[in-house]
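Trainee: Listed here are the chains, written in short residue letters.
Protein chains: 2
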Amino acid sequence: MRINENFLKLKESYLFATVGKKTAEYRAAHPEKKVIRLSIGDVTLPLAPAVIAAMHRAVDDMAKKETFKGYGPDATCYGYDALLDSILSSYARKGVALEKGDIFISDGAKSDCGNILDIFSAENTVLIPDPVYPAYFDVNVMAGRNIVFAEASEKNAFLPMPDDTVKADIIYICSPNNPTGAAYTKAQLKAWVDYANRQGAVILYDAAYEYFVNDPALARSIYQVEGAKECAIELCSYSKTAGFTGVRCGYTVVPKELIRGGASLNRLWARRQSTKFNGTSYITQMGAAAVFTEEGEKQISANIGYYRNNAKIITDCLDRLGIFYTGGKHSPYVWMKCPGNMTSWEFFDYLLENANVVGTPGSGFGKNGEGFFRLTAFGTEEDTREACARIQALLGK
Amino acid sequence: MRINENFLKLKESYLFATVGKKTAEYRAAHPEKKVIRLSIGDVTLPLAPAVIAAMHRAVDDMAKKETFKGYGPDATCYGYDALLDSILSSYARKGVALEKGDIFISDGAKSDCGNILDIFSAENTVLIPDPVYPAYFDVNVMAGRNIVFAEASEKNAFLPMPDDTVKADIIYICSPNNPTGAAYTKAQLKAWVDYANRQGAVILYDAAYEYFVNDPALARSIYQVEGAKECAIELCSYSKTAGFTGVRCGYTVVPKELIRGGASLNRLWARRQSTKFNGTSYITQMGAAAVFTEEGEKQISANIGYYRNNAKIITDCLDRLGIFYTGGKHSPYVWMKCPGNMTSWEFFDYLLENANVVGTPGSGFGKNGEGFFRLTAFGTEEDTREACARIQALLGK
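Which chain is which? The protein sequence lines are A and B, in order. End of the first sequence = 397 in the working numbering, gap-free, step of one. End of the second sequence = 397 in the working numbering, gap-free, step of one.
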């Protein structure tokens with residue numbers, strides 16, 4: 001018996017644990033201070049009424065023999081028609097034509113962004129942006145893949161572009177990015193698509209934050225770019241779009257046009273999912289199907305608008321202070337440069353002690369995150385305003 | 001770019017597709033006949049009222065800011081306390097003491113029975129019963145593992161016992177078994193536990209059907225056997241216990257005592273799940289937490305009793321006919337020998353044409369399934385009675 005020894009190469013991440021520990025210690029030492037967390041990575045607004053109503057109806061369906069639902073309708077995509085139709089209509093509004101068979105319903109993009117690797121050889125080289133959501137890195141370490149990085153920095157506004165001298169088989173792109181909030185234009189993504197097609201590589205495009213995009217020049221789906229169906233898998237999520245972090249629903253698009261090694265990746269993924277997955281809750285799916293209805297979109301847009309306004313409060317503050325940042329406009333994340341050449345953790349301590357505001361040190365997202373700091377828009381408007389007033393008072397001195 | 005070429009070694013399974021196609025063809029040719037399906041592998045009774053009520057409450061929680069739930073409570077096990085406590089109490093009633101940290105909440109046992117392999121080296125040899133649930137085989141083919149079989153047959157009543165001359169690192173056991181319905185006694189399982197501990201192997205024990213067991217000599221959990229915490233991972237599901245096939249909830253037990261290659265498998269699995277999974281729906285978990293309450297157990301026991309009575313109708317019929325079978329008493333599955341030395345598919349056709357009853361050919365579950373046939377108890381009582389009367393009339397001639 002041998003364990004998967006690649007697991008021993010994983011580094012323990014103490015990022016959020018240390019943030020939590022330092023915050024708790026400060027609170028214990030200063031019980032009179034009101035500490036505000038601009039570090040929240042989870043949504044805080046409740047589900048939209050249209051989603052709630054659809055879920056109640058679905059629960060009632062499960063209570064009666066005539067309407068009870070067992071295993072999902074199809075062992076490959078597992079999607080109920082109501083959900084698949086609403087996803088197709090949402091894509092159509094973005095100018096993207098897909099077919100039902102291209103779409104796989106899952107319990108969330110995080111599962112799929114690791115599980116999708118099952119269909120690829122462990123011999124492949126993976127290209128991952130730095131900084132980025134740490135799971136991309138860890139899931140590939142677990143599989144023993146060779147990893148190279150696309151270097152993001154202030155110089156390229158945290159939007160690295162492809163380099164033909166770098167050979168890669170699998171390319172992760174997250175746009176709008178976590179943690180930097182930076183979002184690619186369609187023209188920039190076209191360069192990535194062309195690079196992937198030249199290399200015979202596959203792009204894993206994480207579109208979890210696409211609903212925050214508010215500029216037609218920026219991509220909301222990689223399939224808005226010509227040639228993407230021949231090289232890209234798109235990972236989508238209801239988590240940030242509709243507050244589903246605790247409900248768990250996502251969808252992954254593997255176009256039938258995507259062929260590698262003579263094999264249809266759509267068929268390989270269908271086989272993977274039918275063998276190692278058994279679908280997403282009927283109740284969850286009915287809730288998700290309500291998201292892209294007229295009523296649902298109106299309600300979730302209001303929620304996204306609330307978070308977007310918080311982001312604007314933060315970026316307005318940084319604009320006044322003349323601090324470099326990315327994100328915030330098309331993302332719930334604002335990625336600011338630490339003032340006075342502080343390291344990420346130095347600024348964390350400085351902000352906690354002097355403004356009683358908690359953020360997330362950028363160095364936790366990769367080596368290029370050092371000297372940067374992530375603020376999020378998922379708090380309340382009142383807290384966000386107060387935190388920014390304190391930051392202004394502290395850094396505007 | 002290379003795909004995972006192990007996928008090309010997978011055989012397409014046409015079992016259920018062919019059953020469906022032949023049934024549809026017969027129906028089209030004989031619209032006047034009432035065809036009864038004793039091939040249903042899915043539950044058909046609705047969710048218990050206690051579960052429905054808990055789910056409605058949970059949906060309401062998601063509608064209000066004060067009670068809204070985002071990401072699950074813990075990035076390793078993802079279980080809410082109410083659910084973990086109810087699982088611990090259910091184990092306690094079986095005489096098994098576990099701790100919360102041993103239990104991982106998932107979206108179902110099928111996901112975990114494949115995903116758990118991530119923590120083991122692809123070099124390991126896997127021992128799989130034949131016949132058995134085909135996913136065990138396929139997930140290991142995908143990972144390129146060497147596979148050997150524990151041969152089940154009429155001779156050992158489809159309960160193969162360990163053989164010390166066979167070297168294995170990972171051992172799948174499903175008890176009560178799908179498709180044979182055969183269930184190990186605690187004494188028989190002890191032999192497997194001792195074998196695994198001698199070999200330094202890990203048992204993956206699929207307990208999905210444990211709630212059908214109605215005899216204290218038979219195991220409901222492998223942890224009822226001494227030494228199991230040192231070698232066994234138990235995969236549990238609400239699917240058949242509480243009709244959750246369309247709701248998706250399971251739990252996997254990895255005791256802290258389980259060490260292989262110097263590593264805690266509990267910690268490896270925690271790392272796998274925190275990296276490649278993001279928890280199970282809060283609504284689902286609250287529904288599941290209601291299953292093992294006093295009210296919930298009473299209601300699901302009534303449902304299980306209904307299915308068990310159907311199984312008895314089938315086994316009584318086979319007893320009268322003097323046909324060898326396993327299962328049915330502690331399982332929703334009855335595994336019968338095809339009469340007259342027919343092959344599985346010959347008997348399928350014979351039964352469909354002459355009794356208008358549909359079952360599942362045993363040969364679809366492995367080479368040792370040839371000449372056997374699976375009937376299930378998940379239909380209605382009326383249909384089960386009528387189907388058995390027809391079988392009696394046909395085979396009792």
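If you're looking for bench data, these hints aren't it; they were derived computationally from the structure. Treat the hints with caution; some may be incorrect.
Same chains, same label: a pair holds when it works inside one copy or across any pair of copies.
[Unchecked claim] No more than 30 angstroms apart at the CA atoms, straight line, and that leaves these computed lysine-lysine pairs for DSSO-like:
1. Lys256 with Lys312
2. Lys11 with Lys34
3. Lys9 with Lys167
4. Lys22 with Lys34
5. Lys167 with Lys298
6. Lys22 with Lys100
7. Lys256 with Lys276
8. Lys276 with Lys11
9. Lys34 with Lys155
10. Lys9 with Lys190
11. Lys21 with Lys100
12. Lys11 with Lys33
13. Lys190 with Lys397
Just so we're clear, the structure is a prediction, and the values are computed from it rather than from any experiment.
Trainee: Compare the structure with each hint and give your call.
Mentor: Do the hints match the structure? See the list:
In this homomeric assembly, Lys256 and Lys312 never come within 30 angstroms of each other (Cα to Cα): the closest approach is 40 angstroms inside a single copy and 47 angstroms across copies. For a Cα distance limit of 30 angstroms, the shortest separation of Lys11 from Lys34 qualifies neither inside one copy, at 34 angstroms, nor across copies, at 62 angstroms. In the homo-oligomer, the alpha carbons of Lys9 and Lys167 lie at most 30 angstroms apart both inside one protomer (23 angstroms) and across protomers (28 angstroms), since each shortest distance falls under that limit. In this assembly of identical chains, Lys22 and Lys34 lie within 30 angstroms of each other by CA distance solely inside one copy; the values are 15 angstroms within and 69 angstroms between copies.
Taking identical chains as interchangeable, the C-alpha atoms of Lys167 and Lys298 are never at most 30 angstroms apart, the minima being 44 angstroms within one chain and 61 angstroms between chains. For the homomeric pair Lys22 and Lys100, the shortest alpha-carbon distance between copies (26 angstroms) is at most 30 angstroms, but the shortest distance inside one copy (48 angstroms) is not. Proximity of Lys256 to Lys276 under the C-alpha cut-off of 30 angstroms is found in both arrangements, the shortest distances being 21 angstroms within a copy and 25 angstroms between copies. Taking the shortest Cα distances, Lys276 and Lys11 sit within 30 angstroms of each other both inside one copy (27 angstroms) and across copies (15 angstroms).
Taking identical chains as interchangeable, the C-alpha atoms of Lys34 and Lys155 are never at most 30 angstroms apart, the minima being 36 angstroms within one chain and 73 angstroms between chains. Taking the closest pair of Cα atoms, Lys9 and Lys190 never come within 30 angstroms of each other, the shortest separation being 35 angstroms inside a single copy and 35 angstroms across copies. When the C-alpha separation of Lys21 and Lys100 is checked against a cutoff of 30 angstroms, the pair qualifies only between copies, where the shortest distance is 23 angstroms, while the shortest distance within a copy is 46 angstroms. For a Cα distance limit of 30 angstroms, the shortest separation of Lys11 from Lys33 qualifies neither inside one copy, at 34 angstroms, nor across copies, at 64 angstroms.
Taking the shortest alpha-carbon separations for Lys190 and Lys397, neither the intra-copy value of 44 angstroms nor the inter-copy value of 73 angstroms comes in at or below 30 angstroms.
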